[in-house]
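> Okay, here's what each chain looks like letter by letter:
There are 2 protein chains.
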Amino acid sequence: MNTVNFAQKFAKLADHWSPHVIAQLNDLHVKIAKIKGEFVWHSHPKTDELFIVNKGEMVIHLRDRQVAMKAGDMFVVPKGVEHKPVAEEECEIVMIEPAGTVNTGDAGGDLTVDQPPWI
Amino acid sequence: MNTVNFAQKFAKLADHWSPHVIAQLNDLHVKIAKIKGEFVWHSHPKTDELFIVNKGEMVIHLRDRQVAMKAGDMFVVPKGVEHKPVAEEECEIVMIEPAGTVNTGDAGGDLTVDQPPWI
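Residue numbers (my numbering), protein chains in the order written: chain F, 23 to 141; chain Z, 23 to 141.
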């Protein structure tokens, strides 16, 4: 593989809530997405999910609290914990989780992307 | 857990080549290190190893080429591939790999850290 530059990859993303894969580490995918607005409440029953904010700000809503994140922050949503990402303005995020982890987890719905493409 | 801010974590690191754990994702550790100079040639027979440069520049020497990285770049060294990180000036790096992966892999030596502490 070659080096992957985060800024160059994000520059290629147009749509919000459209995850794309930028690297693989063993059985995990490193994914990026631009987000704006509210995602759906969901959980991933079989895996933790790592979030890094590359640019902007987001809030990960949990049922008992809200986790405010800005560029340079990382947070791991534990396996099985319900969460809802929200971004008032466009925000660039990196996610790491096992390949095949569906973005909407157990919730489904219109925002579901079963197999995010590589970018 | 709480959010982890990369800059705040790196500010706590003093020594070079001293990896510290800042997060866990399933059976993986997210680790940070400040590096300067040459590391040892080594490989990790059982796992890929993900590198992200947070600040500065580094070169990952492979046996057949050199991979130049700057802040905002990511590279995955495949399982079993010999590599040697080198940084002319101090460089801040993030590494993700299974917990228990030893920094010097199969090479051993003075720079070996069997169980990096959390920071």
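Some hints here could point you the wrong way.
A pair counts as met if it fits within one copy or between any two copies, since identical chains are not told apart.
To be verified - Here are the computed lysine to any residue pairs in the SDA-like style, where the Cα-Cα straight-line distance is at most 25 Å:
hint, residue 1, residue 2
1, K106, N24
2, K92, M23
3, K34, K68
4, K101, V26
5, K101, D49
6, K34, L84
7, K68, A33
8, K92, Q137
9, K68, L35
10, K34, G102
11, K68, A121
12, K68, M23
13, K92, V43
What the hints contain is simulated information worked out from the structure, not anything from laboratory work.
> Would you mind marking each hint as holding or not holding in the structure?
Now for the hints, and whether the structure bears them out:
no.	hint	in the structure
1	K106 - N24	between (33 Å within a copy, 16 Å between copies)
2	K92 - M23	between (29 Å within a copy, 16 Å between copies)
3	K34 - K68	neither (30 Å within a copy, 33 Å between copies)
4	K101 - V26	between (28 Å within a copy, 18 Å between copies)
5	K101 - D49	both (17 Å within a copy, 12 Å between copies)
6	K34 - L84	neither (30 Å within a copy, 29 Å between copies)
7	K68 - A33	neither (31 Å within a copy, 34 Å between copies)
8	K92 - Q137	neither (27 Å within a copy, 30 Å between copies)
9	K68 - L35	neither (28 Å within a copy, 33 Å between copies)
10	K34 - G102	neither (32 Å within a copy, 32 Å between copies)
11	K68 - A121	both (12 Å within a copy, 18 Å between copies)
12	K68 - M23	between (28 Å within a copy, 18 Å between copies)
13	K92 - V43	both (22 Å within a copy, 21 Å between copies)
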